[in-house]
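Colleague: Listed below, chain by chain, are the residues.
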Amino acid sequence: AQKVTQAQTEISVVEKEDVTLDCVYETRDTTYYLFWYKQPPSGELVFLIRRNSFDEQNEISGRYSWNFQKSTSSFNFTITASQVVDSAVYFCALKNRDDKIIFGKGTRLHILP
Amino acid sequence: DTEVTQTPKHLVMGMTNKKSLKCEQHMGHRAMYWYKQKAKKPPELMFVYSYEKLSINESVPSRFSPECPNSSLLNLHLHALQPEDSALYLCASSHRTGTSTDTQYFGPGTRLTVL
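First to last, the protein sequences are chains A and B.
Take the first sequence: its position 1, counting from 1, is numbered 1 in this note's numbering, and each next residue is one higher.
Converting from the second sequence to this note's numbering requires adding 113 to each position, the first position being numbered 1.
Here chain B stands alone, though its shape is the one from the complex (with noise of 0.2 Å):
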């Protein structure tokens, strides 16, 4: 079973809002990611955690801040953003990092309106 599971599927938030987004796997993978993806644009990669440590932080502002509680949840806080922060957020997980081997498995997604 290749699922990973995205909480809530549509988000409004104002500027001044502190909101979180989730993610969930079970099938025992223990890297994990968050891409943002604007519309008609490729995902692009935000963070990534392997074995529950921050292993990369493609240079995201700290107004996004992720946090990993363990081995199948991914949760990414979001505090002061901006209108341009506006996305898809996706999740995606894979069986490990550090290997070209490994498939990442993405979730459906959080569509993220900030007014």
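Chain A on its own, in the form it takes in the complex (with noise of 0.2 Å):
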């Protein structure tokens, strides 16, 4: 069965703060990829990162950096410095070789001024 779990619902951190996005997936494919999109209140999908499952080296976008560790099965999301902008919720993905990608159920940020 594939999975992805976002554990936490609705986060709220004042601005300048750091906030991480934990997202855990299950999936008995070796070949996968992993995603992070961002859905701002007016409701577009924004792709923010792509990584497959052969790649496990950090990455860093800006603010943005993502921890992918295959060993428990994570791929957390960082952003540094947090603004206003950054308030929206945030779903991680997974897709195999098929074209359904899993959500998570997604993470509600609130970026307080």
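Calculated from the structure, these hints are not laboratory results.
Just so we're clear, the structure is a prediction, and the values are computed from it rather than from any experiment.
Among these hints, one or two may not hold up.
Claimed, not checked - Among the chain A residues that face chain B by a calculated CB cut under 10 Å, a handful are:
| id | residue |
| --- | --- |
| 1 | V4 |
| 2 | F35 |
| 3 | S42 |
| 4 | G43 |
| 5 | L45 |
| 6 | R50 |
| 7 | F68 |
| 8 | I79 |
| 9 | F91 |
| 10 | K95 |
| 11 | D98 |
| 12 | K100 |
| 13 | I102 |
| 14 | R108 |
Said to hold, decoys possible - Taking lysine-lysine and the DSSO-like style, the derived pairs with C-alpha atoms no more than 30 Å apart in a straight line are:
| id | chain 1 | residue 1 | chain 2 | residue 2 |
| --- | --- | --- | --- | --- |
| 15 | A | K100 | A | K70 |
| 16 | B | K132 | B | K166 |
| 17 | A | K70 | B | K131 |
| 18 | A | K38 | B | K135 |
| 19 | A | K3 | B | K151 |
| 20 | B | K149 | A | K105 |
| 21 | B | K135 | B | K151 |
| 22 | A | K105 | A | K38 |
| 23 | B | K122 | B | K149 |
| 24 | A | K38 | B | K149 |
| 25 | B | K122 | A | K100 |
| 26 | B | K154 | A | K70 |
| 27 | A | K38 | A | K3 |
| 28 | B | K154 | B | K135 |
| 29 | B | K154 | B | K131 |
| 30 | B | K122 | A | K38 |
| 31 | B | K154 | A | K38 |
| 32 | A | K100 | A | K16 |
| 33 | A | K3 | B | K131 |
| 34 | B | K153 | A | K3 |
| 35 | A | K105 | A | K3 |
| 36 | A | K100 | B | K153 |
| 37 | A | K3 | B | K132 |
| 38 | B | K131 | B | K149 |
Here a beta-carbon is modelled for each residue, glycine too, at the ideal position from N, C-alpha and C.
Starting from two chains that each stand alone, build the complex the way the hints lay out.
Modeller: Written as structure tokens, this is what we have:
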């Protein structure tokens, strides 16, 4: 069975604080891809990152960083020095060779000014 | 340019109406998708088109009828909908199907309200 768990339903932090969004996945496949999407109040799902199962190198993009650990089946997302514009729902997702994305339930992030 | 456009942004319709949602991409993608998203839930896959042919139908009721006139356009025809069909309808596209490497790029969605 494939599953993505985002245990944090909702998080609130004050602007400029760092925040980490957790993602744990389950799959029997050896080849798979993990994604993070951002959904602001406007509704559009914005692609943030894709990581394949063979590449455990962490990635940093500006204030965003991702920590992929195969040993714990986790793909966590950290926002450094958070800003109000980071307020959104963030979805972690898993995809194998078929065309279906398995989404987590999402984490609603509130950045307070 | 990773842009998928959707029209209209908002749609209110009665249960006896017939309406259509439109989606367009000009990225040369050959796979297009329809998702339904209820409030505070993740998107749920409805249909997948691959090279203009329907490849996946996730047991969607027949009151939703997809159409892919060409590789850039995807429509969703709506007829005799129920109030519980009110949701955000998202379109997505990717280079192709059948590979785990593809990233799906989403449009802004159409917020549908059925009265």
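Colleague: Could you run down the list of hints and mark each one as holding or not?
Modeller: Hint-by-hint comparison with the structure:
no. : hint             : verdict
1   : V4               : holds (9 Å)
2   : F35              : holds (7 Å)
3   : S42              : holds (6 Å)
4   : G43              : holds (4 Å)
5   : L45              : holds (4 Å)
6   : R50              : holds (5 Å)
7   : F68              : violated (15 Å)
8   : I79              : violated (20 Å)
9   : F91              : holds (6 Å)
10  : K95              : holds (6 Å)
11  : D98              : holds (7 Å)
12  : K100             : holds (6 Å)
13  : I102             : holds (9 Å)
14  : R108             : holds (8 Å)
15  : A/K100 to A/K70  : holds (21 Å)
16  : B/K132 to B/K166 : holds (22 Å)
17  : A/K70 to B/K131  : violated (48 Å)
18  : A/K38 to B/K135  : holds (23 Å)
19  : A/K3 to B/K151   : holds (19 Å)
20  : B/K149 to A/K105 : holds (14 Å)
21  : B/K135 to B/K151 : holds (19 Å)
22  : A/K105 to A/K38  : holds (12 Å)
23  : B/K122 to B/K149 : holds (14 Å)
24  : A/K38 to B/K149  : holds (17 Å)
25  : B/K122 to A/K100 : holds (25 Å)
26  : B/K154 to A/K70  : holds (26 Å)
27  : A/K38 to A/K3    : holds (19 Å)
28  : B/K154 to B/K135 : holds (23 Å)
29  : B/K154 to B/K131 : holds (26 Å)
30  : B/K122 to A/K38  : holds (19 Å)
31  : B/K154 to A/K38  : holds (14 Å)
32  : A/K100 to A/K16  : violated (36 Å)
33  : A/K3 to B/K131   : violated (36 Å)
34  : B/K153 to A/K3   : holds (18 Å)
35  : A/K105 to A/K3   : holds (10 Å)
36  : A/K100 to B/K153 : holds (20 Å)
37  : A/K3 to B/K132   : violated (35 Å)
38  : B/K131 to B/K149 : holds (18 Å)
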